[in-house]
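Using the sequences plus the hints, can you model the full thing?
Number of protein chains: 2
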Amino acid sequence: MSRCFNFSAGPANLPLEVLEKAQRDLVDYQGTGMSVMEMSHRGKDYTAIHQKAQQDLRTLMAIPENYQVLFVQGGASTQFAAVPLNLFSAARKADYVNTGAWSKKAIAEARRYGEVTVVASSEDNTFNYIPELSPEHFSKDADYVHITSNNTIYGTCYPTLPETGSIPLVCDMSSDILSKPYDVSRFGVIYAGAQKNIGPSGLTIVIVREDLIGQAQDFIPTMMNYQTHADNNSMFNTPACFIIYMAGLVFDWMLANGGVEAMGKRNQEKAGILYQFLDQSNLFKATVSEADRSIMNIPFVTGNADLDQQFIQQAEVNNFKTLKGHRSVGGMRASIYNAFPKEGVEKLVDFMAEFEKSNS
Amino acid sequence: MSRCFNFSAGPANLPLEVLEKAQRDLVDYQGTGMSVMEMSHRGKDYTAIHQKAQQDLRTLMAIPENYQVLFVQGGASTQFAAVPLNLFSAARKADYVNTGAWSKKAIAEARRYGEVTVVASSEDNTFNYIPELSPEHFSKDADYVHITSNNTIYGTCYPTLPETGSIPLVCDMSSDILSKPYDVSRFGVIYAGAQKNIGPSGLTIVIVREDLIGQAQDFIPTMMNYQTHADNNSMFNTPACFIIYMAGLVFDWMLANGGVEAMGKRNQEKAGILYQFLDQSNLFKATVSEADRSIMNIPFVTGNADLDQQFIQQAEVNNFKTLKGHRSVGGMRASIYNAFPKEGVEKLVDFMAEFEKSNS
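Residue numbers (our numbering), protein chains in the order written: chain A, 1 to 360; chain B, 1 to 360.
No false leads were mixed into what you were given.
If several chains are the same, the list does not tell them apart, and a pair holds so long as it fits within one copy or across any two.
Here are the simulated BS3-like cross-link-like pairs (lysine-lysine), alpha carbons at most 27 angstroms apart as the crow flies:
| # | residue 1 | residue 2 |
| --- | --- | --- |
| 1 | Lys52 | Lys265 |
| 2 | Lys44 | Lys105 |
| 3 | Lys180 | Lys21 |
| 4 | Lys104 | Lys140 |
| 5 | Lys104 | Lys93 |
| 6 | Lys347 | Lys44 |
| 7 | Lys180 | Lys105 |
| 8 | Lys265 | Lys347 |
| 9 | Lys285 | Lys265 |
| 10 | Lys357 | Lys285 |
| 11 | Lys93 | Lys105 |
Note that these hints are calculated values from the structure, not bench results. No experiment lies behind these values; they were computed from the predicted model shown.
In structure tokens, the structure reads:
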């Protein structure tokens, strides 16, 4: 067994201890005589896994009592429709902030169901910053305000959450959930695909304030209605059991390693190493302005596409995998989620320094 | 490691070879330095897994060229809405056959979007048979006819497919897909949750005739539209990569073991052993009339609820797990999908014979 340094933007790196635990129990889970993949979702063994994962997520994020934690399927892309279909009042109005490709998709989908105002955008500069937002940006009659807290492709992150007053704040937190402390009570709905900080792809987490459940549009598909899953403890139909089990192992690992606060410190430190290098380098530079930098996804360029390509190829050979940037930004991107080891960032920086020396 | 005989109705038994292979490769997939769970879905390693799984399913089911194979999420319950939202014309009319709890759910969801005629039902007798159907049962102006080929809870299965002429036949094949040869060209749409004959839960297969794609209702969520997934090779957003990988391993196993035809023979044989025992037993009896019996799910009772309970408990102790019947039928249910070994059925029958002897 040899492990690489995997900078994938998602599905992404998982903690080695978690993978090894899953491997040990894969064929016979704790003496049950079956794999978790083979268990009835109504049986006591799986039910215990399901409940513990929910409870551990509550603990990790300090989720208040008046919020439901839902385990659903379909990715954040399904939530792009589920959010308006669950939260729109009869007036069907919402404010969205456009900070990248995923915001745009969320906006386009919500527009199919109601009136969407894009109250701010950073599209004018390839989404390399987060727009300044003050309370007067928001429409008084909006059913909700939607943001994307961390932008996987562009490597930006809100330095502070916008103040939306009594209007529920809805957040696509796919790429920075659990990466640092967030005050859940600031949000109406948080949703996130699992495949960055939580576990393998195929699970979507929805954290929803209870008073926002039960007012869905008439024509909402039953499986998109938050009420369906809240009323059935996310067991209305067969959930993605094995993925939930894996997420539970990741939650265990996080709790054993100091929880979200410790993750935040570690992530700051990891990102700091890379940003510090980028800010002093004569070859590489970060693409995002300092105030709005993500600690999860760090895009960088040399300014020369051929040299970028050369760097990516040499990195690959040296066991630094999936460093190619998204086609809309170009260059490189290092995604360093919770499970990504500090050692990998340090070694990357050493490698970059060497590459810089031989190319100057 | 010790393995039990797992009669779960789903998630269900997987082939031991498949689990062992997944276990070996869990931390480092074929020298890539990462788990399949950690791979970018856009990378070459995962892409190869994805394409091979699609192609192998095409081979196994002899799926004609003019059908698309979609890997989606949300279970059959999501398809209960997706089917009408994709297939309804402006008239929004469909015929449904009611053969059990899952048919009823499909009917209820479709009724939210259009006019549904229940053309036949077996509810009058606890769904223990399949209604006779002839072409004149079906409405001439129906957009489609919907059936549930195998009824997991009640243990019934269509002995022959209904003739619907030019009206597309839509089938929830969740609990008997790949269990025996089906002529795909007889169907407009086949859909199935993976967690019985295909792999772990969290994946839904949709096989759809191309001319039925592209006529969805205006308000359909993008993620429910078959067009979205057909146009993007089921990669519009991050798919349930690890579950698709597991399904691919199961397809490999099936191909190596003679394909669907061989599975069908083996399943007939396995089910035959249990039915033969039930038909001669003075204690146990099958609940379904002979012509409509499922070879996947076999409910049986003693006629005495206390004795049923006793049997289930003793079976559990003897390593026969998850034999409790669904609450709506009571008694016992042996689900013996493709991966369930013949040896397990033989041992169950021996155990039942012994139980009968000591309780007569």
